[in-house]
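Could you put the whole structure together from the sequences, leaning on the hints where they help?
Residue numbers (full-length UniProt numbering), protein chains in the order written: chain X, 1 to 203; chain C, 1 to 203.
Hints were generated in silico from the structure; no laboratory data involved.
Be aware that a few hints might be false.
If chains are identical, the list can't say which one is meant, so a pair holds when it fits in one copy or spans any two.
Capping the alpha-carbon separation at 20 angstroms, the derived lysine to aspartate or glutamate pairs in EDC-like fashion look like this [what the hints assert, rightly or not]:
hint	residue 1	residue 2
1	Lys28	Glu163
2	Lys28	Asp95
3	Lys28	Glu100
4	Lys125	Glu163
5	Lys125	Asp189
2 protein chains.
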Amino acid sequence: MSGSPLTRVAALDALVDALRSLPGVGPKSAARMAFHLLQHDRDGAARLAEALRQALAGIRRCSLCNTYTEDALCATCADPRRDRRLLCVVESPADQSAVEQTLTYRGLYFVLMGRLSPLDGLGPKDIGIDQLVRRVQGGDVEEIILATNFTNEGEATAHVIAETLRPLDLRITRLARGVPSGAELEYVDLGTIARALVDRRGA
Amino acid sequence: MSGSPLTRVAALDALVDALRSLPGVGPKSAARMAFHLLQHDRDGAARLAEALRQALAGIRRCSLCNTYTEDALCATCADPRRDRRLLCVVESPADQSAVEQTLTYRGLYFVLMGRLSPLDGLGPKDIGIDQLVRRVQGGDVEEIILATNFTNEGEATAHVIAETLRPLDLRITRLARGVPSGAELEYVDLGTIARALVDRRGA
Numbered sequence: 001m002s003g004s005p006l007t008r009v010a011a012l013d014a015l016v017d018a019l020r021s022l023p024g025v026g027p028k029s030a031a032r033m034a035f036h037l038l039q040h041d042r043d044g045a046a047r048l049a050e051a052l053r054q055a056l057a058g059i060r061r062c063s064l065c066n067t068y069t070e071d072a073l074c075a076t077c078a079d080p081r082r083d084r085r086l087l088c089v090v091e092s093p094a095d096q097s098a099v100e101q102t103l104t105y106r107g108l109y110f111v112l113m114g115r116l117s118p119l120d121g122l123g124p125k126d127i128g129i130d131q132l133v134r135r136v137q138g139g140d141v142e143e144i145i146l147a148t149n150f151t152n153e154g155e156a157t158a159h160v161i162a163e164t165l166r167p168l169d170l171r172i173t174r175l176a177r178g179v180p181s182g183a184e185l186e187y188v189d190l191g192t193i194a195r196a197l198v199d200r201r202g203a
Numbered sequence: 001m002s003g004s005p006l007t008r009v010a011a012l013d014a015l016v017d018a019l020r021s022l023p024g025v026g027p028k029s030a031a032r033m034a035f036h037l038l039q040h041d042r043d044g045a046a047r048l049a050e051a052l053r054q055a056l057a058g059i060r061r062c063s064l065c066n067t068y069t070e071d072a073l074c075a076t077c078a079d080p081r082r083d084r085r086l087l088c089v090v091e092s093p094a095d096q097s098a099v100e101q102t103l104t105y106r107g108l109y110f111v112l113m114g115r116l117s118p119l120d121g122l123g124p125k126d127i128g129i130d131q132l133v134r135r136v137q138g139g140d141v142e143e144i145i146l147a148t149n150f151t152n153e154g155e156a157t158a159h160v161i162a163e164t165l166r167p168l169d170l171r172i173t174r175l176a177r178g179v180p181s182g183a184e185l186e187y188v189d190l191g192t193i194a195r196a197l198v199d200r201r202g203a
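Set out below in structure tokens:
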């Protein structure tokens, strides 16, 4: 069809284009998704439109930990059984969810809005480090557990937070690095093995 | 978080769930998409909700060829420069788009709603073969080009259509099979080579 790359139906082109907002979705997948919804799952499409609308209208940030919630405080921060002396700092709600799924952590969280990334123009203020400092000053926190990712940017973010919070009287820790559970050494990258050697502990 | 697998935010869980309507999107991708939209692309999310709404409200089937359109006739069927004696039968608007992008076909189309698939309960009526017969009886069609896929189901669909239309006075053809352009024989499957040998043509 000559007009546009895919179809000559404006509403369809607009839908394909809008689906490309989704991460990891290129023009071919977007077209396949649009055709699938129209041909086989119009109910699903209506449900998706409504879910997007409700999420945009109803979801906001927890005033304490910054994660997504529909109330002023998220369910975790509002839970009286959580240990308020521990604060685990993660890069995203998805990372928070990963820690939470281990079922081994009973403290609270602070969810950054990403990681420091000077190339993308993201400095300490942009990811909420100011808000983290106020959160720590205002509360009963005794230990900060830095659980940013073990990427270059995540490491830099952890370093900056550690230096920023150093003046406050806190224990500041970082998730342990080492060989992953279930890994065979033969297939583990050398940097990880080197680090695990340095950080070796009594058996 | 204990309540649901991912979060304890109902609107977020609903969004993740709705995103799974998209083909090829599992729970992990859906969560990543939801977080991305909320954190980095709220405009994109609003645009997607609106595009879905407009597509559901505005897109219907062309009365002649069955493809998607916002009008009674699609742009292709309404185009006076197309050759009305040729009718190319495809399984989906995506396949129609593929043929159209070759820029070598100037006839019209008929777009089935999928292919025959007895296991999924899809018979001739479900994919619009009745409508195709009426379309052929009502028009100036002289040749039907069967361009269903070269899968088992696509071949069966082509066969059924050919047999159904046989009583009408029409030329019925099928896309040629053979070695794909640019292919090296070493890497082409044997069935394709065998078929290309049988269908060899004067050079």
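Results of checking the hints against the structure:
Taking the shortest alpha-carbon separations for Lys28 and Glu163, neither the intra-copy value of 46 angstroms nor the inter-copy value of 34 angstroms comes in at or below 20 angstroms. Proximity of Lys28 and Asp95 under a CA criterion of 20 angstroms is satisfied inter-copy only: 12 angstroms between copies versus 29 angstroms inside one chain copy. Proximity of Lys28 and Glu100 under a CA criterion of 20 angstroms is satisfied inter-copy only: 15 angstroms between copies versus 35 angstroms inside one chain copy. For the identical chains of this complex, Lys125 and Glu163 are intra-copy neighbours only, at 15 angstroms inside a copy versus 70 angstroms across copies, given an alpha-carbon limit of 20 angstroms.
For a Cα distance limit of 20 angstroms, the shortest separation of Lys125 from Asp189 qualifies neither inside one copy, at 34 angstroms, nor across copies, at 58 angstroms.
In this structure, the earlier hints numbered 1, 5 are contradicted, and the remaining ones agree with it.
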